[in-house]
Amino acid sequence: MLRRALCLLLLLLALPALAHKASDSYLVLDVQGREVTGQWDIALRDIDFALGLDADGDGGITWGEVRARHAEIAAWSLGRLALRRGGECRLAVADHLIDSHSDGSYAVLRLAGSCPSAGGELALDYSLLFELDALHRGLLRLGLDGSTQTAVLSPQRAEQRFAAGEVSRLAAFGQYLVEGIWHIWIGFDHILFLLALLLPAVLVHEARRWRGVANFRQALVEVLWVVTAFTVAHSITLSLAALGLVALPSRLVESAIAASVVLAAANNLKPLVERRRWMVAFGFGLIHGFGFASVLAELGLPRETLVLSLLGFNLGVETGQLAIVAAFLPLAYALRGTGFYRRVVFMGGSLATLAIALLWFVERAFDVKLISG
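Counting with the numbering used here, you get residues -14 to 358 for the letters of the sequence shown.
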């Protein structure tokens, strides 16, 4: 039973990793009285998945193929977004552009419209891609009569209501706490890196062989060192990047994150760093922090609650990590002395992680697509 549970946990964490980034759209709205303006960035791969943009079937999407479908893209997207303020707001796509995010090209829809009322709360209903991908999320930044609010739009929270006025500090903290938890769970490369460091936590390498640790406390201390070092490191660079003090090219960051997963998994197969894996976690955690910062760059941090929002996001990431540890460690400890854990979970899991991360690295570093979809 324990073996099945651990295999299921690894499978659930590893299979989505082939996509290496969950589907997000970025919706920025500014509602001032009756007037509505905004921008909606939707991944071309998501639009292609829903509408089939690749007319010639060559595996690439050209500007000509997108331009030929502008009217259909506008109708499809606006049919999945509704605003109400004193009644239904009228929205239209004023312009179509293309932009690049860290995970590829996005269609940029410039929005304009008006609402029946100049005051009162704003209701927003979002359902983009939910019928095709339950993991899709809309990341919203809303300016409402001078106040800035953010939200994550999901199938469970597709309809949300917003009131004008200053957002409380506690509410801002809670919003970013939830976003931090969600983004560690969809950051599959971050999860695989963490798992690559956790897999040997219940083992000891002696005389060129792996054996189970003597007691749970030994494994727990190792894990706490690793997770704490990773958290401290990514918190440093996340904060520096989110505050605009340090900036690195997204392609370099994403490639380096993939390389960190490769090296962590390779170290399990041929140990070069057998002790103090927390130092590895800290060193590569500095790089992963820039990856988390890209999320905040898309969402935007409200100036009035900057420190609390940043703290909430960091704590959310830490909470998500601890949930992974709580699910993984007891099962791994129970099976640590078995050949199944050493050969299938540890060696097999490390090999699978190495292969996936190598694929990511090649795709990101050389800007190629090795697996379609």
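What the hints contain is simulated information worked out from the structure, not anything from laboratory work.
Quick reminder that beta carbons are idealized off the backbone N, C-alpha and C, glycines included.
Take these hints with a grain of salt, some might be off.
[Said to hold, decoys possible] Pairwise CB distance ranges, derived in the manner of DEER restraints:
(1) 228 x 264: 17 to 27 Å
(2) 154 x 206: 51 to 61 Å
(3) 84 x 130: 25 to 35 Å
(4) 142 x 117: 31 to 41 Å
(5) 264 x 47: 39 to 49 Å
(6) 353 x 82: 45 to 55 Å
(7) 90 x 120: 15 to 25 Å
(8) 80 x 328: 32 to 42 Å
(9) 336 x 64: 14 to 24 Å
(10) 90 x 201: 42 to 52 Å
[Said to hold, decoys possible] In silico EDC-like cross-links for lysine to aspartate or glutamate, where the CA-CA straight-line distance does not exceed 20 Å:
(11) 354 x 84
(12) 354 x 50
(13) 354 x 15
(14) 354 x 33
(15) 354 x 73
Checklist entry - Any hints this thing doesn't respect? Which numbers, in order? => result 2, 4, 6, 8, 9, 13 and 15
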